[in-house]
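Peer 1: Okay, here's what each chain looks like letter by letter:
Protein chains: 2
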Amino acid sequence: MTEYKIALLGFGGVNRALAQLIADKNSRWADELGFKLKIVGVSDLFLGSVINKDGLDAHELAAVPAAKGSLKALRGGSDEPANESVIRFAGADIVAEATFTNPVDGEPATTFCRWALEKGISVVTTNKGPVALHAQSLKALAESTGARFEFEGSVMSGTPVIRLAKESLAGSEIIGFKGILNGTSNFVLSSMETGLDFSSAVAKAQALGYAEADPTADVEGHDVRLKVVILANELLGAKLKPSDVLCKGISEITAEDITEATKANARWKLIGSAEKLSDGSISASVSPQLLPSTDALAGVSGATNAITFNTAILGPVTVVGAGAGRFETAFALLADIVSIHKHNTQSGK
Amino acid sequence: MTEYKIALLGFGGVNRALAQLIADKNSRWADELGFKLKIVGVSDLFLGSVINKDGLDAHELAAVPAAKGSLKALRGGSDEPANESVIRFAGADIVAEATFTNPVDGEPATTFCRWALEKGISVVTTNKGPVALHAQSLKALAESTGARFEFEGSVMSGTPVIRLAKESLAGSEIIGFKGILNGTSNFVLSSMETGLDFSSAVAKAQALGYAEADPTADVEGHDVRLKVVILANELLGAKLKPSDVLCKGISEITAEDITEATKANARWKLIGSAEKLSDGSISASVSPQLLPSTDALAGVSGATNAITFNTAILGPVTVVGAGAGRFETAFALLADIVSIHKHNTQSGK
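First to last, the protein sequences are chains A and B.
Just so you know, we're using UniProt numbering here: the first sequence kicks off at 1 and counts up by one.
Just so you know, we're using UniProt numbering here: the second sequence kicks off at 1 and counts up by one.
Think of the hints as simulated: they come from the structure by calculation, not from any bench.
Please note that a few of the clues may not be correct.
Put simply, identical chains are the same to the list, so a pair is met inside one copy or across any two.
As the list claims (entries may be wrong) - Dumping the calculated SDA-like pairs for lysine to any residue here, alpha-carbon to alpha-carbon at most 25 Å: (1) K38 with S27; (2) K68 with F89; (3) K342 with G315; (4) K166 with G315; (5) K36 with L235; (6) K342 with A30; (7) K276 with G55; (8) K25 with A312; (9) K263 with L291; (10) K36 with E256; (11) K204 with H222; (12) K72 with T262.
Since we're looking at a predicted model, the values are computed, not measured.
So here's chain A without its partners, still in its complex pose (with noise of 0.2 Å):
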């Protein structure tokens, strides 16, 4: 039975739910799946760090209280984050980089990436930031170390679109995508519809915890910019910036413009979305569009996300599921891994 090491960096809602998952299913997962995960290191900005080398208690770490310092109650223990020592001599095969996003440059989480890959320690995330920013040469440099650079969660949670796209859908000739990858915007726009303004929708989707104190990144589109900068760039083959990408988001969408739309049987939606032009170029756009109700992403309520992708060959192909949550974006995780242990058992390693 192969078993992965696995460092955890960064320890709240999402590798906090992959440690949930290990403890509850990770027999089940030596059967279905052909391996199991041992957590040898964790370490988080707030709550300090642990390495045990020989294997932390999955269930004992998913019930951590989420106070400060308080991985230091664990043996081997400590109230400072020790990002270093937990990449590099925690004995982790593989590392799942969940720690904040930084839009402006990646980092640290850009550095914890480097210096896993490295060491030809592969890494799976769901952080945007080092994937937006520095996807090439993260994976040329997982490539020189014969480690694997994985970011399923950075689009859509555990929703397989990034998976769909480069695998499933490989020969179809994809053109472009368009999609709502932004369940704050999604919610917030669905609400208006139930007649709310739009300062009135925030407030909504904040008391349900749907919205941040800050809700500028979803509503103004700039967390769907990174996502299209993301997928362009992976499955069109651009080689874009965020800053390349032209951005506007809901915040002038009115009351108005909904009733507007909901009479005329269409729908307000944050769409990001880009083609490849007949020059080889990438046109790459975050805007809410009026879409009719007979489009496939019209349908789509609620913070839950969708993307069409336009196919020469097979048309358009759309996926619906999960944008956010924390075991949904977990499961991308677990999903990264399984994608490295298919390539390690048919490769022979």
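Place chain B on chain A using the hints.
Peer 2: Frame of chain A; chain B shown alone:
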């Protein structure tokens, strides 16, 4: 450069579209997918057969007239079908099986599949008959000779639902699915929403080429039943025969039913579904269901197909895409070959 020699069984719309794709895309595939395809044999009940171990001209093949015995005009051609020779003696690495679906015993397609697999020749098929009725024994036979048996095109044409579920959703714990899996019946229901009664809607579908002269298999759910059997057996570990699946079609849906549904902001859809029950058994059925407009499948209109997989970890994941079409279905054969190639490459074959 890897080159796969393929034999085409049945030269109706699907394999003819595959020949056209090979004619147009072979160089592109060499670059993007890492292989080329060479057609070494074709057999068709109506058109006859042709074998050329050095490779047939795909352009010429794609342009063969749809007239009885027309393959005779090609070098090495005959006006008689020669399935067994084409399978056994043309030197094919892969057989692309796209003959007619026989829902009773899957013949003669199943025999064609066996002939190939026995010799270690892989089979890619779009034919529901052999898959719904004999998938387990054909997969076992393939396993025993080191061949592959792939059938993405048996459900939702080239829309990669089987591969998505088996590969990208591995570990998500699929507990069931429900789908709109027949374009003709969905087109009929959509047409009834414009005011037609059932008979007129069927006539319209026939006039547009969506429905056959005898529409029974489509509107009574028999086609969907085979697809439910394929998906339940492959994805949920069921061992269903078609007769195990309760099946009710849409022929009793009246114009009045449709009007009532519209008033209630709901839509009638012919749903094929299966789920794993808590005792481990599988419940599967085909029946018209009234979906509220909030259901991800409710917005799927016309000849489009869609399926929602319910997963324990990731929640629902819905895929919407083509369910028919010559090129869309031929893409499934290509995708199956991509999968075979990936397996061969990674296992060092």
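Peer 1: Now look at each hint and say whether the structure bears it out.
Peer 2: Against the structure, the hints:
Within a single copy, K38 and S27 get their C-alpha atoms as close as 12 Å, which meets the 25 Å cut-off; across copies the closest is 45 Å, which misses it. In this homomeric assembly, K68 and F89 come within 25 Å of each other (Cα to Cα) only inside a single copy, at 24 Å, whereas the closest approach across copies is 72 Å. Proximity of K342 and G315 under a CA criterion of 25 Å is satisfied inter-copy only: 24 Å between copies versus 29 Å inside one chain copy. Taking the closest pair of Cα atoms, K166 and G315 come within 25 Å of each other both inside a single copy (16 Å) and across two copies (22 Å).
Taking the shortest Cα distances, K36 and L235 sit within 25 Å of each other only across copies (22 Å), while inside one copy they are farther apart (31 Å). Taking CA atoms no more than 25 Å apart as the test, K342 paired with A30 passes in both settings, with 14 Å inside one copy and 24 Å between copies. When the C-alpha separation of K276 and G55 is checked against a cutoff of 25 Å, the pair qualifies neither within a copy, at 47 Å, nor between copies, at 34 Å. In the homo-oligomer, the alpha carbons of K25 and A312 lie at most 25 Å apart only across protomers (12 Å), although the nearest pairing inside one protomer, at 40 Å, exceeds that limit.
Proximity of K263 to L291 under the C-alpha cut-off of 25 Å is found in both arrangements, the shortest distances being 13 Å within a copy and 23 Å between copies. Neither within a single protomer nor between protomers do K36 and E256 lie at most 25 Å apart by alpha-carbon distance, with minima of 54 Å and 56 Å respectively. In the homo-oligomer, the alpha carbons of K204 and H222 lie at most 25 Å apart inside one protomer (21 Å), although the nearest pairing across protomers, at 47 Å, exceeds that limit. In this assembly of identical chains, K72 and T262 lie within 25 Å of each other by CA distance neither inside one copy nor across copies; the values are 55 Å within and 60 Å between.
Checked against the numbered hints listed earlier, the structure breaks hints 7, 10 and 12; every other hint is satisfied.
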